[in-house]
Amino acid sequence: MPRIGEDTVDSVARLARLSLSPGERTRFARELEAIVAWADSLQALDTAGVPPLRLETGDDGLRDDTAHAGLGREQAMGPAPDHAEGLFRVPRILP
Amino acid sequence: MTSGLTGLTASAIRERVARRDVSAEEVVRAHLERIATVEPAVDAFLALAAERALERARRLDRDLAGGAAAPALAGVPIAVKDILHVSGLATTCGSRILAGYHPAFEATVVTRLEAAGAIVLGKANMDEFAMGSSTEHSAFKATRNPWDRERVPGGSSGGSAAAVAARMVPLALGTDTGGSIRQPAALCGVCGLKPTWGRASRYGIVAFASSLDQVGPLARSVLDLAIASSVLCGHDPADATSSSRPVPDFASLLSRGASGLRLGVPRRFIAYGVETETLARFDEALGALQAAGASVVDVELKHLPHAIAAYYLVATAEASSNLARFDGVRYGARAEAAPDLRRLYGETRDLGFGAEVKRRILLGTFALSSGYYDAYYLRAQKVRTLIRRDFEQAFESCDAIATPTTPAPAFGFGEKTEDPLQMYLADIFTVPANLAGLPGLSLPCGLASGLPVGLQLVGRPFEEETLLRLGAGFQLATAHHELAPRL
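So the protein lines, in turn, are chains A and B. One point on numbering: in this note's numbering, the residue at position 14 of the first sequence is 14, and numbering is uninterrupted. One point on numbering: in this note's numbering, the residue at position 24 of the second sequence is 24, and numbering is uninterrupted.
Worth flagging that the hints you see were computed from the coordinates, not collected in a lab. Beta carbons: idealized from backbone N, C-alpha and C, even for Gly. There could be a bad hint or two in this list.
From the structure, some residues in chain A lie toward chain B, with a derived Cβ separation under 10 Å [said to hold, decoys possible]:
| no. | residue |
| --- | --- |
| 1 | A13 |
| 2 | L18 |
| 3 | P22 |
| 4 | L45 |
So, partial list: chain B residues that the calculated Cβ filter (under 7 Å) puts toward chain A [to be verified]:
| no. | residue |
| --- | --- |
| 5 | L48 |
| 6 | R52 |
| 7 | V297 |
| 8 | L363 |
| 9 | T365 |
| 10 | V383 |
One chain only, chain A, in its complex shape (with noise of 0.2 Å):
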């Protein structure tokens, strides 16, 4: 079972884009901790040549190619926070 510290709460955040307290941190190491060692029970189970699950709606899930009216770009653009000249509007990115 792989030990999560708070090095690994670090790393996960990270790609997460979750920015943590240290208080934060911390608590979810030891609660992930305990979370992962009990989920750990199914690796006594012997899944050997046992598929994913994939779930059937009887569907093939394609349908006709024809072209439909989506969302305008302004109705799309509406509930942003930040927006200019059908543009998100964000902090600089390059220095």
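For chain A, the structure is supplied; the task is to place chain B on it using the hints.
Below, chain B alone, put in the same frame as chain A:
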């Protein structure tokens, strides 16, 4: 004229509106008055839409006066879990990160219900992003169980269940990823149906775990669930995973009742820590179903003890991916002072998400991360196959599987919030149906120490009618669903 309207089921309201004994506007006003009276004690709603509702009611009344036929849910007031988009109303999903978000489109199931004459009265409270079993994880407020206001209503569709139980609406929409319709229905003493995965469109519903999520109705009778399900199920071109299998007129099949149907009972699994009085109500319910013509056989579902572990790996992995879209750029709130894009993402998400959502995003990101993917996410998906096979085998000797919906009735506020694992274990009987993509029904089956207990029935894929027939037979023989909390 309006007195007593709030005690009626959806089908009874529709009959009166169709006969024009009462107007849709009167029905809506009566329910808004009821909300004004009891909502301060229950806190089921995040937002009300009184003007929108009255306007739609008047429009329906004009149509009916002009000779239009009354649709299936004519004049029925509904509550909609705040994870579904409703035109003209904000969606919060119980989260601060969606503050001020007004969606540009509507959930297909809401459009269908409103086209059938249902009238949205408001958006119901929920655990943030549907992550929780008590509605305590709502960023805005706790909803109280109408049967005991010191206890939780269950979750994550806790507002929907409490609103139906408190007679504020006869019908509500919820979503169910691991039990979020059935568990609060059980804890609040109402009926709830999670249809088969793919049975109803998920378009316009904020995604939590896409291979587990399903939308469904909560109501006070099986007949109401049947009517609502026939309206909301069916293929939607906007959701490629919604099935085009024909949807029966469920209500017309209910008269067949429970007669001749076989119930499988996984005794060994149920032995898993069910509280004594809950077990007694469950056994009485089995007795009532047998008296109504069903038979009972023992079944074994040997991988179910692993269901919660598999569920929390799959659900959190999918959530970590689905919730990546909340980044402070495209919707809702943003941490304004961030000096660069990376910190804008991080700070927006830190401020916007509550602790449970962060915990699940971290667990899910871990389960998907390089080096752990095979051991956690992929293995959990294989365990789903084992669980699905267990059900397939059990369905060779029975038509539905019966368990209590939850191991115990409603718990108190704060009882499980300090230990996430304890909260997760409250879902032990409901997650298997989501993992296997099966339909599940929860019905009130009596009280334990004054609190409602739920009977759960799980069926074969796309055989909702079997569950509804059993439920109708049960409700013909018993009156548990007519019990109301004192408020």
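Violated hints - listed by number, lowest first: Going through the list in order, the structure violates hints 3, 5, 6, 7 and respects the others.
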